[in-house]
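Take a look at the letters that make up each chain.
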Amino acid sequence: MAVVTQPMLSVEEMRATALESRREILKMIFDAGSGHTGGSLSEIDILISLYFGVMRYDPADPKWSGRDRFILSKGHASPGFYVTLARAGYFDPVELGSYRKTDGLLQGHAHPMTPGVEMNSGSLGMGLSFALGHALAGKMDGSDYRVFALLGDGECQEGEVWEAAMSAAHHGADNLTAIIDRNRIQNDRFTDEVMTLEPLADRWRDFGWNVISCDGHEHADVLHALSASNTGGPTVIIADTVKGKGVSFMENNPGFHGRAPTAEEYDAALKELA
Amino acid sequence: MTTNRESAATRETYGRTLLTMAEEHPDIVVLGGDLNVSTFVHLWRDQHPDRFFDFGPAEQNIVGVAAGLAAAGKIPFVSTFSVFGTGRPYDQLRVLVSQPSLNVKLICTHAGILTGEDGMSAHSIEDLSLMCSLPSFSVVTPADAPETEQVIRSAAATHGPLYVRLSRAATPVVHTDGYRFQMGKAETMREGADVSIIACGSLVAPALDAAETLTGQGVQARVINMHTLAPADEAAIISAARETGAIVTAEEHYVHGGLGSVVAGAVARNHPVPIEMVALHGYTSSGPANELMAKNGLTADGVANAALRVIKRK
Ligand SMILES: Cc1ncc(C[n+]2csc(CCOP(=O)(O)OP(=O)(O)O)c2C)c(N)n1
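Chains as they are written, first to last, in my numbering: chain A, 1 to 274; chain B, 1001 to 1314.
Pulled out of the complex, with its shape left as it was, chain A reads as follows (with noise of 0.2 angstroms):
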């Protein structure tokens, strides 16, 4: 079946669905008492350009053969994809309660048993491999979908990442594009301070991409580079984003990566993105 039947949103839209699904996200951390906070932050507004304005599939078939792949490497961050797929139509927005309970849809870092979930996750690493899996098996069966992987900028210190950026350009992958949610922390500290990431979009050029820089927050921005994206080998788009983007005491605060608010602290941050 090859019915699309996503929701595509304008620009404005866009803009007032992160701020609800950031109220979603603090909601859904809040609630089950932990969580990855500042990477969902950082990543949502990219997520919601992918799954309103630029993907293709059918909620209604999650496993349809031609779909567009959505790969979440950076599996910590489930609560941001969550709320996407739930608004994308691919199960009850009830269930977005559900995340981290026993028996629950949601699981702490993303797992396919979650319609819409592609890849396992939670270790590191490993998405770009698995997202030029899809992208190989696309171009031996002349399928025209394409794949997208998205890495945190702390991820990309695992060596994994560059056996596949370097595997990639090799074999040609120009239906994959990796994005990087450069929000310049990773979960101890400063990016800068663990591992020197410097010059990034050199490193990837160097490894055979094709690489575009965003500002990952800006809806209009981030729809530019996935449209532009996809000529000759793979792209990368490198986001400029920032860690807990949208509550002024999470905003580059490697201190919100791994932890849920407090009860003061979820009624401030309502306020702000009222």
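To be clear, the hints were calculated from the coordinates, so they are not data collected in a lab.
A quick note: this is a predicted structure, and the numbers were derived from the prediction, not measured.
Hints should not be assumed to be uniformly reliable.
[Stated by the list, open to error] Result set (SDA-like, lysine to any residue): computed pairs, CA atoms no more than 20 angstroms apart in a straight line:
(1) A/K63 x B/H1159
(2) A/K139 x B/I1028
(3) A/K139 x B/D1050
Starting from the known structure of chain A, arrange chain B with the ligand on it as the hints suggest.
Leaving out everything else, chain B with the ligand in the frame of chain A:
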């Protein structure tokens, strides 16, 4: 006693068998890591370049790509040496293959210590332990070339993660043409009531020879080829314990986490009897394969002596 048998390299049988399956299974894709001549998938590479991908020695990526291909409906066969294909990408095998139970076939050669001269780092003595610890994986150690052929055919026809352990060296052929391999169903190769020798892979031939030797001493040994370690044929193990009252396990692997552990677990849970384990008790150094096997007691004599010991413990 050592019977004269024909020898054949299971890895070559693998490469040749795979080649014959290309038409019947159009979804088979082969992934290699710069060891394709040694693993014999170069035969496939040269015939089906459009269904073959080389990734160089980058095993984490190979397994990750294989998982993606499997998720997209392909049947990826990943081949490299056992040491490189199990240990290096263990986390990818766990998270990307075992947990979502994807249809990846990991067919590794150069297992055990039959890689002889290459030395300790090339000796794969932990792979069965690693692979048996991954819940979705089936784990198979064929005893010889004819069994390998059938294992590979059934691999493509059966859905799910699979690890197959093959050797570098040519190993004795212990099966005749009529043999039918059944995944998860152990093969009783010889009947006997005094002791059971449960062996896998390269130790099956020595086990048969040991049984022959034991006959001369009035001992009737049952010989079981436990080709599938996961899922293990517990019924065959329990019958062996119940009907013969003593068990010897024999494998070319570290004593922890392989065949001995699988058998001991089933015996302890169901019908405790004495067990002796013929296996490696640590790392071993470089040397010709047959010398290393002898040095470590992985011989027909080693198995026969273990049988006599375990019978005394009844
Ligand atoms: C293989 C592996 N090692 C360590 C971790 C622990 N860990 C979870 S998130 C994280 C930091 C990730 O940083 P980044 O990729 O920048 O993610 P983001 O800032 O976008 O959340 C680490 C080290 C892991 N999940 N996987």
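So, going through the hints one by one against the coordinates:
no.	hint	in the structure
1	A/K63 x B/H1159	holds (18 angstroms)
2	A/K139 x B/I1028	holds (15 angstroms)
3	A/K139 x B/D1050	holds (10 angstroms)
No hint from the list above goes unmet by this structure.
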